[in-house]
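Read top to bottom, the protein sequences are chains Z, A and F. Mapping the first sequence onto the numbering used here, position 139 (from 1) lands on 139, and the numbers just tick up by one. Mapping the second sequence onto the numbering used here, position 282 (from 1) lands on 282, and the numbers just tick up by one. Mapping the third sequence onto the numbering used here, position 37 (from 1) lands on 37, and the numbers just tick up by one.
Worth flagging that the hints you see were computed from the coordinates, not collected in a lab. Think of the CB as a built atom: it goes at the ideal place given N, C-alpha and C, for glycine as much as any other residue. Treat the hints loosely; a few may be bogus.
Which chain F residues face chain A? A few, computed with CB under 7 Å, are given here [as the list claims (entries may be wrong)]:
| no. | residue |
| --- | --- |
| 1 | Gly77 |
| 2 | Asn197 |
| 3 | Tyr198 |
| 4 | Ser203 |
| 5 | Val205 |
| 6 | Ala209 |
| 7 | Ala211 |
| 8 | Gly214 |
| 9 | Asn218 |
| 10 | Gly219 |
| 11 | Gly235 |
Derived CB-CB ranges, DEER-like [said to hold, decoys possible]:
| no. | chain 1 | residue 1 | chain 2 | residue 2 | range |
| --- | --- | --- | --- | --- | --- |
| 12 | A | Leu90 | F | Gly68 | 51 to 61 Å |
| 13 | A | Phe121 | Z | Gly112 | 22 to 32 Å |
| 14 | F | Gly295 | A | Phe121 | 27 to 37 Å |
| 15 | Z | Gln311 | A | Asp3 | 49 to 59 Å |
| 16 | F | Glu315 | A | Gly127 | 28 to 38 Å |
| 17 | A | Ser275 | F | Asp116 | 31 to 41 Å |
| 18 | A | Leu90 | Z | Ala75 | 36 to 46 Å |
| 19 | A | Gly127 | Z | Ala145 | 55 to 65 Å |
| 20 | A | Gly227 | F | Gly68 | 39 to 49 Å |
| 21 | F | Asp276 | A | Leu90 | 51 to 61 Å |
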Amino acid sequence: MADHTVPLLELRGITKRFPGVLANDDVHLDVLPGEIHALLGENGAGKSTLMKVLYGLYRPDAGEVLLSGEPSGIATPADAIDAGVAMIHQHFMLVPTLTVAENVALGLADNGMLLDTTAVAGRIRELSARYGLHVDPSAYVWQLAVGERQRVEIVKALYRDCRLLVLDEPTAVLTPLEVDELFVTLRTMAADGVGLIFISHKLDEVLALSDRITVMRDGRVTGETTPGQTSKGELADMMVGRAVQLAPDRPAADVGEVRLAVDGLRVMGDRGLESVTGCTIEVRAGEVVGIAGVSGNGQRELAEAVAGLRQPTGGTVAIDGTDVTGQHPSRVRAAGLAYVPEERMRDGVVGEFTVAENLILVDHDRDPYCRRGLLRLGAIADACRDLVARFTVKTPSLETTTSNLSGGNIQKLILARELSGEPRVLVAAQPTRGVDIGAAEYIHRRLIDERSSGTAVLVISEDLDEVLALSDRVAVMFAGRIVEVMDVADATVERLGLLMAGTGVEEVGAA
Amino acid sequence: MGDFFTVASLVFVVGSGIRLATPFLLAGLGEAIGQRSGVLNLGVDGVMLLGAFGAYWTIYETQSPVLGVFVGLGVGLVMGVVYAVITVGLKAEQGISGIGIFLFGLGISDLLFQKQVGTPFPIRGFGDWHVPLLSDIPKVGEMFFQHSVLVYVAFALVPAVAFLLNRTTFGLNVRAVGENPAAADSLGVSVARVRTTTILMANTLAGLAGAVLSIELGIFQQNLTNGQGFIAIALVYFGAWRPVGVMGGALLFGLVSATVLQWKTLGLVSGAASSLTAMAPAVLTILALVVISRTVGQPAALTRPFERGH
Amino acid sequence: MHKRNHRKWLGLAALLAVLALVAGACGSDGDDSAGGDDGFRIAIVAPSASNDLAFTQSIVDGVGALTGVSAVDVTDGTFIVDDAAAAIRGYAEEGYDLVIAHGSQYGGSLQEIAADFPDVAFAWGTSSDTFGLPNVSAYTAASDQGGYVMGVMAAAMTNSGVIGVIGPIAVGDAKLYVDGFVNGVQANSGGATANVNYIESFSDVALAAEAAQGHIANGADILTGTAQMVVGATGVAAEHGAKWFGTQSNQTALGADIVVASQVYKWEVVLQGVVDGIKDGDLGGEAHTIDLANGGLVIEFNDAVDAGHARTLGENTIKSIAAGLKQTGA
Ligand SMILES: Nc1ncnc2c1ncn2[C@@H]1O[C@H](COP(=O)(O)OP(=O)(O)O)[C@@H](O)[C@H]1O
Ligand SMILES: [Mg+2]
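Can you build the whole structure from these sequences, using the hints too?
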């Protein structure tokens, strides 16, 4: 049925400007029926903007959108839905207080005056069965895990008989297992003739799933290729615009004594439930231990408890042999901890402060920055200039307000501050989340350098590739506990994926 | 000194509480609809005053309570158009716009009253309608089925509004727009249209609430509502944005007021105790509010204007 | 007469425009000739509406009955004391010959303002305190006297033996009236009881109406009440055929077939002396009281309601109170 000569979608010369930003610059892209077309690019490359133009959320400054060779005439999301275009946004467009069926029924053209969720639920079950998407139509969305929410989004699209589906970074929030399931569903849809645009900045996924790949950088298309014709390295180069080393070299290093010892740690989460439920892990001098796990399994609380930002309810934390359990963060730091927090804007820097002020945030009351209670501005400026240069923080000046920097540069700034104190233990949570490849490459290199110079490094990340690239030993965290620790040589994505999903873990007290 | 715990006294207090609750209920139901779609309207009291004056003046001139009710509804509708233009059209800040509407209603209703009527001459309302059969049930009939027809209308609106919100496509749109307008918009639901509609409903009900007040009291006076619209807003929070909850809040408020009043009539409280018990309804509402607002979340998009792509 | 409204409804510009239109239309019936420099100009600041058939109307009517006054300016509805204070100060600055602050709640503000304008004469009621300032006259009403008269009448007229009283807050003029009324009821040997319900509000009309409902449910066949929120109660009385005694103003308009009598305040009886004194250079310093004896309090009977022998009883009571033969207050 699919006519492969006429593209389902054709974007011609799309240009979209925001104040001060050219988000899309003469972008061309086409999608054939039944094709999975990957759109690859760094954060800020303009991928989401392009898709929002297609969906009628933004009006382009130039260019046209053709559907099956005809001008699409899409000016609003309602037009897009009518034209058979569906979009799964990077931030889910779901109403948490409504049920799955209600979310699916919302905005349907054939809704009568009265809401008939039973009919909708019936059709949802049909679609679930056909595409292997398990969802319970009567569940409330707020009760669902992220992966399930995404299935609801896909059901929404299927329910509307879309012929073109856009998925904006759909895998960012999924476990490896869920990613596999998603891919199965997407392939089934493609086989039915639906055209798919799959947005990602993860190279492996793009290579595994897509029929064709378009790469964007700084609002422009920098290349179009197919998985058969390209490689990870080449794609990364197209994305970043220069040669990139994806996995850092890990020279052999001497592993020394235990520097960080967490034993039977218990910590309450924000909702008053125990998030860390007896966590035990050790990190030695000269090694990187990576903690893999799906977000929400206690990683954040573990990191905060180690850093003294959260009071544990049981267990101990020792740094370099000193018990620091429940101590004030300044005491923990004095014992030798450096900490790169997950929420960098909240916990890592003061957004309104200048770059220099953030660089001395921790040590501002100590020599050489401060003597007899007075800040020594000259010494501070010298030290900051040096740090900014050494850590390649791209900033107009030391006086620039920190919140104006990009995520990657803020992360480098934090790293510069934390490593300047020559720590005994470094805890880095999600060190490259939301950071572009170039900066991530640099941050990875610094972490490895630190470990090679004898620091004990604990990396917590939801990005499996990152954990595998950095770690000497890999630990998997599930339901508040470390369920297994293995040598990186023994760690495969499949094995880790199973452990992260909680399978293969013996349930205590299970029948 | 009388005895509060006599059947006659309790029967009276229930009937009295229901009468007192009615304007709160109508205004609160309207406000609940609006808030479920993410629109806060602090102008309820002003709209009530305008509705109250409109109904009063109409009946004063025409002797027709029915016409008075329709004018009250109409005045509310017109104020709804004004509020929709300000908050949906111009996307103005809802808090300050609502206060503006309140002050406008307070001033204009008084001004028009002074100019058009002057002396507060009494008007004739509907009188009590005894529901056939039901009103003959001893005690129960007296408590529940011997009220003005407007009281029955108000209470009949509770299941009607609940049905509208929970069982209709429009209600689904309302709930979605109040929680996540971007999601509704992405599915082709017009946030502006939904909110405009709920604002019209909310203000029409506020106008009706005012009309009920002046018709039942048979009088109009400057600031007749005496802040009832603001209490109605509090009762929406109290009722956790559910029509039945709003009714519960209105009834609680009305019954506590009626109880305190009856104590005073019977001479059971006097002096300083009298002033303290007079605060009971407000204090109780605030306490309940504190407890409830900790457990139930408000519509996530409440007070937030919607603009596509932001 | 020219009226101003000093409330803060001047919020949103858009609304203001509409308001200005209506206000403009409204001002047209006013007498704006207040500028005559040789005339005597009086300004009134009062908390409720000028035609409330109660507290504020009593002063507006009273000033209207004065002779030798060329202009009267009223700012009414200033139930917020700060608004009233601003209005009082404004009038003082504009050089009015007499500025009347009609509301006991304005006392604190008036004390400050009067000290700042020693050349302007002020009157403050209802109160008997001049703060020792030579430019402040205080005026009050012995409203317990009329209350007593009507209490006596009510006790004679009741069939059920129960009389309902609705008060705002137990202070000042309202408390005087209620106490006098209750004393009058008790002075009658018929054994009638007066139930008093202070609703703790001067403005809650709905609550006043419900208080009236309560009295009637409790057996009352005669009601009375004081302050501007009683308009809610009179409607209830009319609906149930209960009789009503009014105060502060002639309330017959609220129910021609139920209002038996009203105690009416004739502030002009004392204010005329204040005005004449100011013209002679005496800016004040004294407290004045209107009562039945000096004719400042008048009981106006509604001939449409037949009070039978209670009317004679009432008239006799008036005479003996005026003659100083009866103790009426608390
Ligand atoms: N609504 C907006 N207003 C202003 N700038 C925007 C807006 N949306 C995106 N941008 C800017 O446009 C560029 C492209 O953003 P986006 O399309 O979100 O990139 P991507 O999805 O590829 O990460 C970025 O520089 C971003 O800051
Ligand atoms: Mg994006």
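Could you see if the CB distance from glycine 127 of chain A to alanine 145 of chain Z stays within 55 to 65 Å?
-> For glycine 127 of chain A and alanine 145 of chain Z the Cβ distance comes to about 60 Å; the hint holds.
Interface hint for valine 205 of chain F, Cβ within 7 Å of any Cβ on chain A = 6 Å, holds
Grab the minimum C-beta distance from tyrosine 198 of chain F to chain A and call the hint holds if it beats 7 Å, violated otherwise.
-> Given a least distance of 6 Å, the restraint on tyrosine 198 of chain F holds.
For phenylalanine 121 of chain A and glycine 112 of chain Z, compare the CB-CB distance with the range 22 to 32 Å and indicate the outcome.
-> Violated: the Cβ-Cβ distance is about 50 Å, outside 22 to 32 Å.
Holds or violated: glycine 235 of chain F as interface residue toward chain A, Cβ cutoff 7 Å?
-> For glycine 235 of chain F, the interface hint holds, since the closest Cβ of chain A sits about 4 Å away, which is under 7 Å.
Hinted contact alanine 211 of chain F with chain A - closest CB pair below 7 Å | Cβ of alanine 211 of chain F sits 6 Å from chain A, so the hint holds.
Hint check, alanine 209 of chain F versus chain A [nearest Cβ-Cβ separation less than 7 Å] | Since the shortest Cβ distance to chain A is 5 Å, the answer is holds.
Kindly confirm whether 31 to 41 Å is satisfied by the beta carbon distance between serine 275 of chain A and aspartate 116 of chain F.
-> 34 Å, holds
Using the C-beta atoms of glycine 227 of chain A and glycine 68 of chain F, is the stated range 39 to 49 Å upheld?
-> 42 Å, holds
Should the hint that glycine 214 of chain F touches chain A count as held when the rule is a Cβ pair under 7 Å?
-> Holds. Min distance 4 Å.
Mind checking the hinted window 27 to 37 Å against the Cβ distance between glycine 295 of chain F and phenylalanine 121 of chain A?
-> Roughly 29 Å apart at Cβ, these two residues keep to the hinted range, so it holds.
Hint status (Cβ of glycine 77 of chain F to nearest Cβ of chain A, threshold 7 Å) | 6 Å, holds
Of the numbered hints listed earlier, those contradicted by the structure are 10, 13 and 18.
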